[in-house]
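**Q** Given the coordinates of chain X, work out where chain V with the ligands should sit on it, guided by the hints.
If you read the sequences in order, they're chains X and V. Taking the working numbering, the leading residue of the first sequence gets 1, the next gets one more, and so forth. Taking the working numbering, the leading residue of the second sequence gets 1, the next gets one more, and so forth.
Accuracy of the hints is not assured; some may be wrong.
To be verified - So these bits of chain X aren't anywhere near chain V, every CB distance computed over 10 Å: (1) D4; (2) D11; (3) V59; (4) K60; (5) P151; (6) E173; (7) V182; (8) D490; (9) I528; (10) A555; (11) E587; (12) P731; (13) L734.
To be verified - Which stretches of chain X does chain V cover? Using the computed rule of at least three CB atoms under 8 Å from a CB of chain V, they are: (14) 27–34; (15) 668–674.
Hints are computed from structural coordinates only; laboratory data are not their basis. Note that this is a predicted model, so its numbers are computed, not measured. We put the beta carbon where it would ideally sit given N, CA and C, even for glycine.
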Amino acid sequence: MQHDQSYTGQDFKVVGSRPKRPDGIDKVTGRARYGADMSAPGQLVALMLRSPHAHARIVKIDTSKAEKLAGVKAVLTAADLPDLTNGNAGDYATLENCMARDRALYDGHAVAAVAAIDKSTAKKALKLIKVTYEKLDHVTDVDEALKQGAPQIQPACDGNLGGRYEFGHGDCEAGLKEADVVIEKSFKTGQTHQGYIEPHACLATVGPDGSGELWVTTQGHFTYRNVCATLLGMDIAKLKVTSSEIGGGFGGKTHVWIEPVALALARKANRPVKMVMSREEVFKASGPTCASSMDVKIGAKKDGTITSAFIECRYSDGAFPGIWGMLGGMTAWACYDLKNCQSVGVDVLVNRPKVAAYRAPSAPMMAFGVESTLDMLAKELDMDPVQLRLKNVAREGTQSSYGPVYGPIGIEPTLEAVRDHPHMKAKLGPNQGRGMACGFWFNIGGQTCSDLNIGVDGTVNLTVGTIDVGGARASLSLIAAEELGISYDDVKTTIGDTNSLGHNDTTEGSRGTFSSGMATIFAAREAIEVMKSRAAQMWDIPIEAVSWENGHAVATGAEHGNLPPLSLKEIAAESPTTGGPIAGHHEVTADGSGVSFASHIVDVEVDPETGRTQVLRYTVVQDAGKAIHPDYVEGQFQGGAAQGIGWALNEEYIYGEDGCLQNPGFLDYRIPVCSDLPFIDTKILEIPNPNHPYGIRGVGETSIVPPLAAIGNAVSNAAGVRMDQVPMSPPRILKALEQA
Amino acid sequence: MAGVHVSTTVNGDPVEYVCPADESLLDVLRDRLGLTGAKEGCGTGDCGACSITLDGQLVCSCLVLGAEAEGKKITTVEGMADGENLHPLQRQFIDNAALQCGICTPGFLVAGKALLDRNPDPSVEEIRYALAGNLCRCTGYDKIVRAVQAAAKDLQKQKK
Ligand code: FES
Ligand code: FES
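Chain X on its own, in the form it takes in the complex (with noise of 0.2 Å):
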């Protein structure tokens, strides 16, 4: 059936209220079961060998030993994963990345793995294979893999370019000429991690009938469905995928890493596999996202018209080319209306691991590059940044530097609420400093499908392919009981497995709440349908004589108007004689996501003696379109703005002359923690997306692309130097402490 997906405009019952989440109490109490969790009868454990060097050529595996050592019952290298990827590139590149083939291509790359009755005959095993290595030369800079010579990682690619991707339009050259004043700079950023607490950990089943099980903690587990089949030979849908509770993903598990070895190994030995990724193998072979070197340069005129900008930005991404420059340089100028202006997103390979996504990927660095040089573009002028961005914002109707048009968008309302927020009154102290910074991310929707089923007693199990990482039940279930005009508490939703619904694509993009939501409010209109239909069959009247008012069907006419109204409880309680069960159920490609745009403000303090940066004041201000569970809302917020403080502040990937990961655990790569922070102060605008019924836009990612750029404005505001480099760790504060 098709539906109207325009924005309804409504006035909401239990939208935008607060309920307690459904999987709450699991959840503190310990019940609530995630990727290492669960276990099986005759399980074995599995390991995996991992590559000691950044580049080397694999002249030989021996196993031989390894699987003569009494219980182990598997040993899996490249030979045991033939390739059936039947030409496509990215299965390739996954196939190879979960297990070397000829090649092993940085750091941490597996190797072999063995399954064994326990973990410490496992770890044996593992020393007992030998593996022959003929080192490589290694690049891990993203700019040094661009230079003439560098050693080449993927044959099939022009030396280490992955891919060159420009945007935007007008001509950057004339805007120069018009400019009075131009501002040229260039800036860098570490490689980070997402960092999720969880690490990837997965139970695999395959019997000799080429039917398995995978429980795993994934963002996606119809595309892991699919992409593990592929890789595997294994028809689809006799592999069922359940994704467990997930403990973090942020982009990082979007992918399969140890998935594909795991039901190998299990279908190898016939016994159940379990595998879990230590705390460095994460660090080393799962994420991360790209480190990045850009040069921007932007001319204006006196009174802050942008006349030119332009901005490339080199991305690493790892041994195997992606997609990052392109989605970088898309977001590059988004939230300006811009006459002249040019985003160069270019993808670099180096010695280093296959990059995942990361809350909006890619963006973060852009924004840092753009919103560091708007600043300084604003203290040339005299002008107050705030101002310097109203001046040049994006309104509806502008042409995006992307190519679209936009609709109704929300900068320049986040900008408004920054200058008037009472944040920006805050006094400062020495050494203090303030910073402000924008930032855009698109969202996306995508394949989409929802089951909703009415029990006798007009409660109502949702069943959704989205996964739940952070209240997403809570969300979904408030929307199904505003749909059919019921409480949130009589909806019980359920994350699906691959079995029991249509294909769903990964939850990223912030398109949970978004696609599963339209699904929802579709599948529960069809369900009403259904409702409007038994009800003309109670009182016996035609079904244009009904409708749908408040969770109730209404005999509509003069001649039906004395019929007392049918709750959907009287309704369910009949479904027996009526005709059955009563279900709704919707599929759909999600489109028409609406763009999202945030403005955040720091106030920070620099300790000149140390180079040690306290973040002392944050404050979020971001479109949501409709806030649905408000409280889980504020939480995306406050959750990728402490990711980009983390990354702005400390977070970086340390590659030694080896080109081995020197700091591949969290006391050394360390992410922020409770003393570090400042509560993180959160403004929720909704300015609806017209293309969704309920206003959504996506509330997942933004929030992590301004505070790069944020934080360098007020760090460089305390300090009194420009910074051009994050991490600001301590050091380099100290170092253009030094050379200012």
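**A** Chain V with the ligands only, in chain X's frame:
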């Protein structure tokens, strides 16, 4: 490796197990006793997801050997609620939306309770420093700190 026989108490119940001498208490709890509430975020004492108390002392169970629990009293997140009554801290975590993914929650609850047991009226700063050994990547800690503040108030009221 020969196993070590251990007699201990977990959440008030007598428990016996045999484990290899080098096995962590976290692995014993999770893999031998089926108590998967404590999580392994790092295995090196850096994240606090595996927090439990041992004779009332807050510890990272990934850094304790199973064999060391002999004769001791272990409490885990599974032992926090009193029957169907949640501990005020558990309730306030739900009411304040102090969890997103929830993987860090058991550790924060155990560490938060240890704080409130010894300091019933902590300042924000005391809360932040007491919980600095527990990593949360989702929340930015804002709602966690508020939940601990609210639970402290609840507990003070209960005592009056
Ligand atoms: S698992 Fe014990 S501190 Fe991280
Ligand atoms: S709620 Fe996800 S790590 Fe804390």
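**Q** A separate judgement is required for each hint: does it hold in the structure or not?
**A** Here is how each hint holds up against the structure:
no., hint, result
1, D4, "32 Å, holds"
2, D11, "24 Å, holds"
3, V59, "32 Å, holds"
4, K60, "32 Å, holds"
5, P151, "33 Å, holds"
6, E173, "43 Å, holds"
7, V182, "38 Å, holds"
8, D490, "19 Å, holds"
9, I528, "30 Å, holds"
10, A555, "42 Å, holds"
11, E587, "27 Å, holds"
12, P731, "22 Å, holds"
13, L734, "24 Å, holds"
14, 27–34, "holds (count 8)"
15, 668–674, "holds (count 4)"
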